[in-house]
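A.B. asks: Use the sequences and the hints to build the structure in full.
Below are the chains, spelled out letter by letter.
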Amino acid sequence: MNMARMVAVARKEWKETVRDRLFLLMAFLLPGLWIVVFGYGLVLDVEHVPFAVLDRDQSSSSRDYLYRFIDSRYFDFRKSVSDEREIDRLLGDTSIRMAIIVPERFEERLLAGRSVIVQTLLDGTFPLHADTTKGYVIAVNNSVTQELITDFLTRTRGLVPAEARRLTEPVSLETRYLYNEEVRSTWSIVPALIMFALMVASPLLTALGVVREKETGSIYNIYSSTASKAEFLVGKLAPYFAISTINVGVLWMIAVWLFRVPFKGNIAVFFTASMLFVLCSVGIGLVVSLLVRTQMAALLITIVIAMVPTLLFSGLLVPVSSLSPGAQVQAHLFPMMYYTDVVRGSFLKGLGWKSMWMDLFALAGFAVVLQLVAYGLFTKRPKT
Amino acid sequence: MIGKGGRVPEAVRLWTLRLFVLTRKELLQLRRDVPLLLFLLYSFSLSIYVSGAGISMQLNNASLLVHDGDHSESSRELIHRFRQPYFRFDGEVQDQKVGVRRLDQGTAMLLLDIPPRFHESIVGREPVSVQLLVDTTNAPQGLSAAAYASRIVGKFSFDLVASRLGGASDGGVQLPAVESAHRVWFNQEQNETWFQSISHILRMITLFAFLLPAAALVREKEHGTVEQLLVSPVTPLQIMLSKVLAMTLVIQAATAIAMATVLKPVFGVPVKGSAALFFVMTALYSFTTAGLGLFAATITRNQAQVGMVSLLVISPMLLLSGITTPFEAMPPWVQTLMALSPLRYFVDVTYGILLKGVGLELLWDSVLAMVFLGGTMFGLGMWRFRRQLQ
Chain A
85 MNMARMVAVA
95 RKEWKETVRD
105 RLFLLMAFLL
115 PGLWIVVFGY
125 GLVLDVEHVP
135 FAVLDRDQSS
145 SSRDYLYRFI
155 DSRYFDFRKS
165 VSDEREIDRL
175 LGDTSIRMAI
185 IVPERFEERL
195 LAGRSVIVQT
205 LLDGTFPLHA
215 DTTKGYVIAV
225 NNSVTQELIT
235 DFLTRTRGLV
245 PAEARRLTEP
255 VSLETRYLYN
265 EEVRSTWSIV
275 PALIMFALMV
285 ASPLLTALGV
295 VREKETGSIY
305 NIYSSTASKA
315 EFLVGKLAPY
325 FAISTINVGV
335 LWMIAVWLFR
345 VPFKGNIAVF
355 FTASMLFVLC
365 SVGIGLVVSL
375 LVRTQMAALL
385 ITIVIAMVPT
395 LLFSGLLVPV
405 SSLSPGAQVQ
415 AHLFPMMYYT
425 DVVRGSFLKG
435 LGWKSMWMDL
445 FALAGFAVVL
455 QLVAYGLFTK
465 RPKT
Chain Y
830 MIGKGGRVPE
840 AVRLWTLRLF
850 VLTRKELLQL
860 RRDVPLLLFL
870 LYSFSLSIYV
880 SGAGISMQLN
890 NASLLVHDGD
900 HSESSRELIH
910 RFRQPYFRFD
920 GEVQDQKVGV
930 RRLDQGTAML
940 LLDIPPRFHE
950 SIVGREPVSV
960 QLLVDTTNAP
970 QGLSAAAYAS
980 RIVGKFSFDL
990 VASRLGGASD
1000 GGVQLPAVES
1010 AHRVWFNQEQ
1020 NETWFQSISH
1030 ILRMITLFAF
1040 LLPAAALVRE
1050 KEHGTVEQLL
1060 VSPVTPLQIM
1070 LSKVLAMTLV
1080 IQAATAIAMA
1090 TVLKPVFGVP
1100 VKGSAALFFV
1110 MTALYSFTTA
1120 GLGLFAATIT
1130 RNQAQVGMVS
1140 LLVISPMLLL
1150 SGITTPFEAM
1160 PPWVQTLMAL
1170 SPLRYFVDVT
1180 YGILLKGVGL
1190 ELLWDSVLAM
1200 VFLGGTMFGL
1210 GMWRFRRQLQ
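Heads up: the sequence lines are chains A and Y, in that order. Note that our numbering has the first sequence beginning at 85, numbered continuously upward. Note that our numbering has the second sequence beginning at 830, numbered continuously upward.
It should be emphasised that the hints constitute simulated quantities derived from the structure, not laboratory data. Some hints could be false.
What the hints assert, rightly or not - Pair by pair, the computed Cβ-Cβ distance ranges are:
hint : chain 1 : residue 1 : chain 2 : residue 2 : range
1    : Y       : T1165     : A       : A352      : 41 to 47 Å
2    : A       : R95       : Y       : R930      : 47 to 53 Å
3    : A       : S164      : Y       : R860      : 55 to 61 Å
4    : A       : A352      : Y       : E921      : 33 to 39 Å
5    : A       : V102      : Y       : R860      : 32 to 38 Å
6    : Y       : T1165     : A       : I330      : 31 to 37 Å
Using N, Cα and C, we set each Cβ at its ideal position, and we do this for glycine too.
C.D. replies: Here it is in structure tokens:
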């Protein structure tokens, strides 16, 4: 490898990038913009579920009961209806996601110490939301029931409220949240967004850099030049690697200073993993660019390859452990999962080399394999 | 009069013919890009299968460790209630520290700690509490697991109360209680496969509908072939429209393939509404999204730029339009911003037609919004493109 030739390729690439103002702006702007927009905007919690009520009892108890939903931040009260058919319509056009139907004789039965069944109608199109909403409703009903029983026992058996309460809750659950004590979804999403930002922008930068030359024919200059394969590839990658490295620093600062996500781990581990991951992501771009001929194909394939596994199989939204076995295999075939582990481990769990060497090892493996594949695919003697 | 009457249809015929020829040219060009076509096919078949079959955002198989300090009948009974599909019992640890280390490494998600004398306290009617440690690096999943756990312990506790009071009172247990009965509509089994596979189709349609026409238009500018088009008797409208038409056709075909090979036969997604309406709506959505793409193409000079601008637009569309996260929970500024995203409307339309079986009578507002957005973007793109050509 001749250093001077490699630097020459890198300089040419760098100039090309820098002179394309819009491109350069996007290369630096996108990752930072994403982490800010999605960090604030991407709310994973199921909250503000719009709902309607149908109160067939119209008593003070039923109103008290419904107020627990109306007051809750998990629900957004939209409407009180008097006919079940109206619920059908509201669910159909998605103006509500849930409806609660309080039966007749709600108050009467409860006062008599009997149970009542409250119907909830849920929109099941989004199974996760339906399920979470169901959980909220059950939680409300359970706490109402507990109060009712306590109240009932004090009335009918002459117990003191404190005593009755002891009787009604023999076993309780104390939950302690680890790593993200206040369970802020920002804290879990922002570190993973570093992964997202690096993964989605850098492969595209690289892929287009190479295919552009192929499509416009300027690659023939390289074919006929003295620069070797390795010199060309390294020189080509260098500017994009540099851009992404700067972005890692910027993203880290945004996460720590703007979002106040605690960084509990080892900074050296984080940056080592990030460098390896950047190598992987530019490597993916490079491999794609060597397989296709047109920029259009490069554009689509890189965006889809970068986007889909990053969103679905990286642990960003769905934990890898709850994927099906087939999807887990796919998750392990991309570097995103390992890097997400390292980022979350470094930020929230405070882990170091000892706990994460496997992930780092995997990332290094991906980086090496991708570069080797690119080296193997690139030829200065194209067939056509 | 007759002469004029004859000329107008002739002009229309010529106009349509030119549009047709240009559309055909786009399709031919696409057909010759084999890697791209193969990839398109993969995206609308295998990729949809993998995400539909593989992804579940609902809590399932959360790995649970137990530190049982009691080893009694009651503790076993409680542990036994943490079961599939939500929890997966992953063994017992002798020491809480060992359990915490497993949580650190991420090989377990929850640690249930049952104190010594658990059974004794229950029998002796002393209140007792069990502890649950939850890994909340993924906050929503952690919360969901905690909610299930508290439901299980709550039920366990309630059963104890019922049996105690039942034993004491004369005959049947009479306790006031609010019981929950749920009816889930449109997807009774809460089958997540349907949701995920439909979401994935939406993702793919969005990506291709935006990128294909955008790249096709900017390519002409980059290569200078747009100059050739300029001297030929075609108008900017025809140039843009032909690209939209060609790509919409391709996307329709791909969607039909996805529906016919994966969604219906493999996943059994019910098409409750009208399939024809769904395809008309897909065409409308492709047109609207293509409008956005073409506009992006008019403000950029080469494909590298258009790629970056697409990322700028597409990522928020995909993440914030309500296919990955609940739209209602999003902050107000996101909801306002997303009024500009055609996907936000198409989500309602798609789920409405496929799962809810509703028609235009309920979806008209979303349809109108898409028409309006598409028309505006297309118009703006036209205006810029025309100016650039002069």
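A.B. asks: Let me make sure I understand: some of the numbered hints might not hold for this structure. Which ones are they, in numerical order?
C.D. replies: none
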